[in-house]
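**Q** Sequence:
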Amino acid sequence: MSHVDSGHVPEDGNSTSPLRVGDRRAEERPAARPVAPASTYAPTAERASLRGLLGHPRYRPLRRRLLIAVVAGVAGGFLLAGWRWGVTAAVLAAIADTVVRARSHSTVPAWRRASVAERRTEAQLKRLERSGYRTLHARAIPDSEAQIDHLVIGPTGVYAVDSEKWDKRLPVRVQSHRKLFHGPFDQKKRLDEARWEASRAAELIGKALGREVVIVPSLAIYGPPVPWKVLTVREVDVFDGSRVRKWITKRERSLTDAEIRKIYEIAERVLPSRYPES
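Here the numbering used here runs 1496 ahead of the position in the sequence shown, where the first position is 1.
Honestly, I wouldn't trust all of these hints.
As the list claims (entries may be wrong) - With a straight-line Cα cutoff of 30 Å, these simulated DSS-like cross-link-like pairs (lysine-lysine) come out:
1) LYS1661 - LYS1684
2) LYS1703 - LYS1725
3) LYS1661 - LYS1742
4) LYS1684 - LYS1742
5) LYS1725 - LYS1684
6) LYS1742 - LYS1664
7) LYS1622 - LYS1758
8) LYS1664 - LYS1622
9) LYS1746 - LYS1703
10) LYS1661 - LYS1675
Worth flagging that the hints you see were computed from the coordinates, not collected in a lab.
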């Protein structure tokens, strides 16, 4: 995953060196050119700014929502023979689009996501919020290139979920509960990474909290069928990605609301976002 670095622009654009009192060069320096009144250029700037805003990708959902409302309004007005019905249809269509988008919206911007697997897991975890669970996405392990795709803190414990999109044409199988294969490819390295990420995160959070914290590592696999419900391989729980919510909620409750809030706040601090907002 790539990192995005933003350059720093000084707030003070004056690069001239300080002048001594009475310096003739300072006295002879021509006065600054007066700035033109705002009225002489504001209309052009406003038009350019409006054009730029309408073309910005950030406002693509707004343009789509407006188009949906217009189409629904015209169709409703034509079919129901009344402009009032058309306006009502347009408003309802815009509201429906807003609700659908809010439910499917990801907190990780699209261009920053590693795969569709993370989006699918995030959508499932979002539904756990009403049950008291809190989730951090794309959290980096300090001093390493490792990342926990989803860190979940809730009544039943703390979980590190790594989402994997694998080729559906290759089968998933295990040997002696110690080896995981995707087709002919041994996934030992991936399992060891997931276990280390959870262990390191538990160390960092536990140190700040002042007591031991257990984080359960897992791989949520999308693509090929997984021929079991949940299987622990090399201390990592492996399951089909569609089971992530059940995997978390079927355990016994072990954390209070206060503990969940405290662990979440610490995790947010000690595990920085892989893609911090600029």
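**Q** If a hint holds in the structure, say so; if it doesn't, say that too.
**A** A quick look at each hint next to the structure:
Only pairs whose Cα atoms come within 30 Å are accepted, and LYS1661 paired with LYS1684 is accepted, the gap being roughly 16 Å. Distance hint between LYS1703 and LYS1725 is unfulfilled; the C-alpha atoms sit about 34 Å from each other, more than 30 Å. Among the hinted pairs, LYS1661 with LYS1742 is consistent with the structure: their alpha-carbon atoms are about 19 Å apart, no more than 30 Å. This hinted pair checks out: LYS1684 and LYS1742 have alpha carbons roughly 25 Å apart, not beyond 30 Å.
Taking the CA atoms of LYS1725 and LYS1684, the gap is near 20 Å; set against the 30 Å cutoff, the hint holds. Of the pairs offered as hints, the one joining LYS1742 and LYS1664 holds, with about 22 Å between alpha carbons and a cut-off of 30 Å not exceeded. About 20 Å separates the Cα atoms of LYS1622 and LYS1758, which keeps this hinted pair within 30 Å; it holds. For the hint linking LYS1664 to LYS1622, the alpha-carbon distance of about 26 Å falls within 30 Å, and the restraint holds.
A C-alpha spacing of about 28 Å is found between LYS1746 and LYS1703, which places the hinted pair at or below 30 Å, so the restraint holds. At most 30 Å may separate the alpha-carbon atoms for a hinted pair to count; LYS1661 and LYS1675 meet this at roughly 19 Å.
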